[in-house]
Amino acid sequence: MTRTTSPERSRRIAAATALALAAALALGACGSSSPGPAGQQAAVVRTSGDSPYQGTTLTQPFRKPDLVLTDTAGKRFSLREQTAGKPVLLYFGYTSCPDVCPTTMGDIAVAMQKLPAAERDKVQVVFVSTDPRRDTPQRLRSWLASFDSRFIGLTGDLEQVKKAAKPLGILVEDPVVNKDGSVTSTHGAQVLAFLPSDDRAHILYLSQSSVQVFTHDLPLLAKGVQP
Amino acid sequence: MIRPRAVTAVAAGAAALALAGCGSTASPESSSGGAAARISVSDPYIPLPPSPDAAAGYLTLHNSGGSADRLLRVASPDARSVTMHRSTTASMEPLESLTVPAHGSAAFSRGADHLMIMGLDDRPRVGRTVELDLTFAASGTITVKVPIQPVAYRPPGAGN
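First to last, the protein sequences are chains A and B. Residue 117 in this note's numbering is what sits at position 117 of the first sequence, and the numbering runs on without skipping anything. Residue 96 in this note's numbering is what sits at position 96 of the second sequence, and the numbering runs on without skipping anything.
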């Protein structure tokens, strides 16, 4: 509720959240709030507050996945080749998603608007569809244009998407068509930030990260500041 | 906030709360002794949907009465369907009802419990309103006109 959260306090909150996330990941189930045993996952995130970023620092950065899909212009897009040496925010989601996906993309768009133009042009925001059957390049393009026409949308082979998401700790499952015609896709809703220096994800933003966190961190990411 | 004549109701409501407990699925709205639920709605909005077939609705429900109430269903003459959902770690699940505790509030908010609005009649645009009819177990149906806001809108004071 308070608008005057200090950076130090935010980092502590982020660290606590990261621990909770690690516990949830280790348990492989959602909804648990009890801290799990200190397993492998718990070692992945840094809990000290010495990072300039407010997002969660990954002590074992993730390699950028080798995703080759179709972009919103219908052209082949290789994530590794075409975003090499650039700061990248990567998100997996789907366009029939009413709540979490538009909220996350909207928050990133607001933070991007606050960047100076030169930095804004450096940061690549990549949205990978977890419902490629319905998310055609055209549909992705119009959906992403609601937020920022520079956002990159990728769609294609779901098996490849699942395989790419897994080592990033992001769960992607086959979408389900409900009785009322709506589509539900299970997809980890965290955002990963890849640094331009080594093309690895060093920062993780949990679903529900605030606009303020993205606004704080994007200038650092654009400059390639190390966590 | 507290009206003078509501003092006794507060005490009764506290007792009802204590009995109802956290996460109870009992129907405290039918418990005897508590003053009736009194529901109001604040900060309703629908972010301009980036996809015409899946919009979300957010609002806060306040209950100034001494009994809890439950939102059972939501309908709209302006949409094909409105359903309650809860966003989970990696997905979302249908929500059967939403309890508004006595002298408390409950909210549909971003990334959490939300209304999924499918098939909005007209091409939605900022400034239009969408009617939502909220039907409660005890309080009957409350109709709200919900404004469509920009895609990244958050109500003032929403924290994040």
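Quick caveat, the hints were computed from the structure, so don't treat them as lab data. Some clues are possibly wrong.
Unchecked claim - Simulated pairs of lysine to any residue, SDA-like, Cα-Cα distance not exceeding 25 angstroms: (1) A:163 to A:84; (2) A:162 to B:133; (3) A:114 to A:141; (4) A:114 to B:89.
Which hint numbers doesn't this structure obey?
-> 2, 4
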